[in-house]
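Protein chains: 2
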Amino acid sequence: MKELLPMARKRRPSDLVIRGARIANVFTHLYEEMDLAIASGRIVGIGHGYEGHEVVDARGTVLIPGMIDGHVHIESTMLTPSTFASAVVPLGTTAVMADPHEIVNTCGMKGLEFMAQEARMLPLDILLAVPSCVPASEFETPFEIIDATHIEQAFRRGWGNHLGEMMNYPGVIAGTPEVWSRVLASGYRVRTGHAPGVSGRDLNAYLLTECNSDHENNSAAEALEKARRGMWVMIREGATERNLDDVIELLRSKEWAFTRCMAVSDDLTARYLLEMGHMDRKLRALIKNKIPPFRALSMVTLNPSQYFRLWDRGAIAPGYLADVVMVDSIEQCHVQKVWKRGKLVAENGKPLFDFPPILGEAPVSNRGFEAPSREQLVVQASENAFVRVIIVQPGKVTTDYAEHQAKVVDGYAVPDPNRDLAQLVVADKNTCSGRVAIGFAQGFGLKKGALASSVAHDAHNYIVVGTDTESIETGFRYLAENGGGIAVALKDQVLASLPLPVGGLMCLHSPQETADKLAEIDDAATQLGVTLPHPFMALSFLSLSVIPELKLTDKGYVDFTRGGALGLFVGEEETL
Amino acid sequence: MKELLPMARKRRPSDLVIRGARIANVFTHLYEEMDLAIASGRIVGIGHGYEGHEVVDARGTVLIPGMIDGHVHIESTMLTPSTFASAVVPLGTTAVMADPHEIVNTCGMKGLEFMAQEARMLPLDILLAVPSCVPASEFETPFEIIDATHIEQAFRRGWGNHLGEMMNYPGVIAGTPEVWSRVLASGYRVRTGHAPGVSGRDLNAYLLTECNSDHENNSAAEALEKARRGMWVMIREGATERNLDDVIELLRSKEWAFTRCMAVSDDLTARYLLEMGHMDRKLRALIKNKIPPFRALSMVTLNPSQYFRLWDRGAIAPGYLADVVMVDSIEQCHVQKVWKRGKLVAENGKPLFDFPPILGEAPVSNRGFEAPSREQLVVQASENAFVRVIIVQPGKVTTDYAEHQAKVVDGYAVPDPNRDLAQLVVADKNTCSGRVAIGFAQGFGLKKGALASSVAHDAHNYIVVGTDTESIETGFRYLAENGGGIAVALKDQVLASLPLPVGGLMCLHSPQETADKLAEIDDAATQLGVTLPHPFMALSFLSLSVIPELKLTDKGYVDFTRGGALGLFVGEEETL
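Listed in order, the protein sequences are those of chains X and H.
Just so we're aligned: 210 in this note's numbering is position 184 of the first sequence, and the numbers increase by one with no gaps anywhere.
Just so we're aligned: 84 in this note's numbering is position 58 of the second sequence, and the numbers increase by one with no gaps anywhere.
Chain X on its own, in the form it takes in the complex (with noise of 0.2 Å):
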C-alpha cells in the first residue's frame, strides 16, 4: 500500500483513471462525480484531477462496487467454477461465498480442494465455505463423512474463508456432541446458518452457536424474529426458492433493515443466470419492490462484505480492492463494464477471459457404481396397504407428507400415474454399498417414463422418478455409464440427457449450451406429461433429509417433524 501513496497523492499517474462517472458511494447513500484513480489492482484516488496510463472516460454512467453474492452453491448452475465465473462476472459480480457442499457431498476433502484450487486462478474472487454438515444428517449418505479434524484441516490448507451453513439445526439444539464439534472447529471464522422455522426458546438455543445469518426466511415475521436476535437475513432470490415478496414488508417498512440483510442466490440454474442475471436481478429486484436505489445496492455490496469480514470490498473506497462495475444506473443495472482488481475483466455482457471448464484436475465421480438390480427396484405389497407420499410443492424446497392407499399389482405396490403417483427410487452411489429406497412421489404430472439425476441435495446419491420399472432402470444406466447427470428415459431409450462428469455435478458446457441441454431435458419431461416447473430442481431436493417435511435418501424416508425415519408403508414398524 505504501508504494501506493504517490498515486494517492497525484505525485504519479495512477494505473487506470475512470473519468466523469458518478461514484455510487455506499456509505453515504450519495453520488459523486468524480475521478476513480486505481494502481496495482486498488483504489487509491476519489477526487478530481488524477492522471492515468490508462484514461477511460465513464462519462454518463454509474460506478458501483463489485457485487457480492453471500450464499451461493457453484454446483448447483451445473457450470464449472470456470465457467460459472464467466456468466457471472460480465454481469457486475466480483466476489461470491460459496458453500461447495455439494461437492463435498459427492467427492469428500477431494471435492473442497478441487475447488479451492479451481478459485484461484480465476477473475472472481470465490471464498469458500467449509461444509459443516456432510452429511447433511444421519440419514444421507455422502462419500466421506466431514467431521471437526477434516474442517480444521480444511481452513488450516486455506481452503475455506467461513463455516458453511450449519443445517443440523435439531442437531445443534439438541446438543449432538458430533454436531457441535464442527462447529467450534471452525474458531474464529464467520459461521453461517440454516434454520427455516427454527423459533423461539430453539432459535436461542441455535444461536448459542454463533451461527449468525440464514438465507431461510419463509415470511416477513420469520426474518424478524432472527433479526431480533441479532441474525443477519439474507434474502434468497435463487432459480427456484425465492423469498423477497415473502420479506418485501419488513425491507420497505424497518429504517434499520437495509443495515442487516443482503440478497443472496443459494441454488440458480445456467439458465436464470443467462436469462434473468446474478446480483444486478436482485439488485433490479429489489428496486422494482420500492427499496430506495441505495439501500438496495448495501444489500449486494457493503452488507455481505461487512458480514463476512471482507473489509476491503463492498465499497469504493481508497485502499479497498479496485472491483468496480460500469453500469447505466443503479435502477438498471446494465452492466456496461467490469474491473477486477483494477483489470478490465468483461465488457457489455461478455467476459474477457477464456478459460476451459476445468482448470487442474477435476475429482473422480465414477467409482464403478452398478445400477441396481430390477427386483431392487419393487416393493412388494399386502392388498389395502397404505404407502407415505411426499406431496411435491412447485416452487418449494419443502414437501408435504401424505398418506395413499398404495396401487397393488401382484402383490407389488406400484406407481399409479391416474393418481399422480410416481416411484422414486435413491441408490447410494457415494460409497456404492448397493443400498437402495423406494418411496413415492405425487406433484410431477409424470404419466410415463422416468427422470433421472445425481443432482439429489444433499448427498447426491442418484434419484430417479418413474411411473415403470424398465424406465427406472434405464435412468439408473444412463447414471452409472456417465459419473452423473441429468436424463429422460421412456422404456429403454434415454430421450434427452445432460452428462455432469465433475463430482457427478457439473458439466463440461458452456453457460449456453448447459441452458439449451436442460431446455431439451424439460421439453422431454413435458413430453412425458410433467406439469411441474422446473421437475429436475424440484427431483434434487426430494433427498434432502434436513428440509421439512417428507423426504427420501438412499436410507428411506426422513421425516424431522415426524420424529426422523419413517418406512414406506404407514403403520409398518420403521425400517431404520
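Treat the hints as calculated values from the structure; they're not laboratory data.
Heads up, some of the hints might be wrong.
Note: identical chains are not told apart, hence a pair may lie in one copy or across any two.
With a cut-off of at most 30 Å between alpha-carbon atoms, the simulated DSBU-like pairs for lysine-lysine come out as follows [said to hold, decoys possible]: (1) LYS280 <-> LYS136; (2) LYS517 <-> LYS369; (3) LYS473 <-> LYS517; (4) LYS28 <-> LYS376; (5) LYS422 <-> LYS316; (6) LYS433 <-> LYS422; (7) LYS280 <-> LYS316; (8) LYS28 <-> LYS314; (9) LYS376 <-> LYS433; (10) LYS474 <-> LYS517; (11) LYS280 <-> LYS314.
Add chain H to chain X, keeping to what the hints say.
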C-alpha cells in the same frame, strides 16, 4: 456454549432471569417485553416463561446493552483503571477501547503491561490499543520509542486488541518507512485513525493504511468526507473537546449516519464523569439533539462493537455476553443496575465492587529527574526581538500561532502579564536528558505564579507555565519530588496540588477526591488570575506536536502547518 443449551431451551433454570422489563433491541429498533435469561455470564434466552435461580423483577424499566466507549485515554481522568472502573461501570459502561498511549509515553512497554495486567482483574472490559505513535512525532521525547517490533510483541503477548490512533498523518502521507512499519505490525487487527483536517488526496493517501476511524471531526463536512471514504465516524464528546454540535447536522439529516457513527470520549476528567456522566451522558445528548433513541443507542452499543469486531457484544441477544444495564428509559438513561457477564456489579450509581486503586505493581515514574536550574529557565534576547507565541483556544486542543514583540528586561525575554504573555517551559523528564525548551503562551490570563503539570500530551514531559522564574522553579521542584502531579505555585509556595505517582499521570484517589483536589487546584489557579476554563487541560495539550498550530515540546517549538520545528525568535534560524 453447548452447556447452556438446557437453559436456552427452558429445560433447566438459568442463573438469572430479569423479568418484566422492556428489552431494547438495537438490531431492530424496538422494545420487546420479555424475560431475559442469563447463565454462565451469557445471554441464553429472550422470551416468555424462563425460570431462574435468581429472578429480578424489572417491571417499568428498560434493559439496554452494556455501553461501549470506542476511544478513551483512561489516564486523562487521572484515575487508575480500577478507580476508573468504579466511576464508569455504575454509569452503564461495560467496555472501553482504551488507548494507553499516555502511560506508554512515560513508562514504555512496562506501562502497557501494567495497564493490561490491571485490566484483567476488573468488572469492566478494558480493551487496549497498542499505541501506534509513541512518540507522537520526532519532536517529542518518550521514555522509549515504541517501534514495529514492540507493537508486534505487545500483540503477541495479548496486551492489545487494536492499533491505537495513527496520529502521525504527515508521516503516513509522506510514506515514512518507520511509520508504515508500525501500521503493518498490527497485522489483521482493527487500526484506528486520527487525521484532523486531512482531506482530498491526502485523505485518500492516509486511508491506504486502513486506519479507518477518526474522532477528529471538527465539522459535519469533515465527518462527511471521512465517512464517504469509508471511515467510521467517532463523535468525540470529551471533557473539553466536544464535536457533537459540529457534526449533529450530519447525524440528523442522513439515513445512513446511524450505522457508521459512534460516540466516544477521547479525554475525560474525573469531575466530568461525576457530574456529567460517561456514555449515558452521550446517549442523552444525542437524543436531546433529536437523534431518535434507538439510533442514538446504537451509537454507544452496537456500532462500536461492530467496528471493533466484538461480535458478542453491543446488543442483547442469545450467545452474547450478559453485559446488561437497567435504566428508567433510553431517553433519560438513569442507570439503576448493571450486570457484567451476568453478575450485578453496580446499583443506584454505586459500584458493588471495591478494589484498591492499583491491583498490581505500578511502573516506576520517578527516575531521578532533576528540576531545571535557574539558568535553564531564562532566555537571552535582543531588544526588539519578536517571539513566537502559542495562542490557547478555550475548549480546543488546537492552538493559534502568533508573533509578538518580546518584553526584554536586562537582556532577557520575560513574561508580560499585562499582555497575558506567560512563559512556557517543557523539561524532558522521560529520558532525564536535562533538555529544557522555552516558549510563550497567551490565553491563560495568569497574573502571577505558575501552573505545573506532568500531564502534557503525548510524551508527558514536565510542563510549567508561569509569570516569574521562582514560581516556575517551584513548579518543577514539586513535579520532581512527587514523581509527577499537578500544582499551582506562587513564588516558593505550592498553593494546591495533586500528586500523580502512577506513571506521572494517575493518582491514588477516588474519583470524588480527585475531582475535589482538581477543583481546589482550579480555584488556586483562578486566584492567580487564570481566566481560561480548565487551564490544566489546556496546558496538557500545549506539547501535543501533532495538533496544529504551534506547540512546545522539550525539543522546542513545533508547528506542522509551518513545516515542523521553529525557533523561539522570529527570524532566528531554526534551533533544531
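Against the structure, the hints:
no. : hint              : verdict
1   : LYS280 <-> LYS136 : neither (44 Å within a copy, 49 Å between copies)
2   : LYS517 <-> LYS369 : neither (53 Å within a copy, 72 Å between copies)
3   : LYS473 <-> LYS517 : within (13 Å within a copy, 109 Å between copies)
4   : LYS28 <-> LYS376  : neither (35 Å within a copy, 50 Å between copies)
5   : LYS422 <-> LYS316 : within (25 Å within a copy, 46 Å between copies)
6   : LYS433 <-> LYS422 : within (27 Å within a copy, 89 Å between copies)
7   : LYS280 <-> LYS316 : both (13 Å within a copy, 19 Å between copies)
8   : LYS28 <-> LYS314  : neither (43 Å within a copy, 43 Å between copies)
9   : LYS376 <-> LYS433 : neither (53 Å within a copy, 78 Å between copies)
10  : LYS474 <-> LYS517 : within (9 Å within a copy, 110 Å between copies)
11  : LYS280 <-> LYS314 : both (17 Å within a copy, 23 Å between copies)
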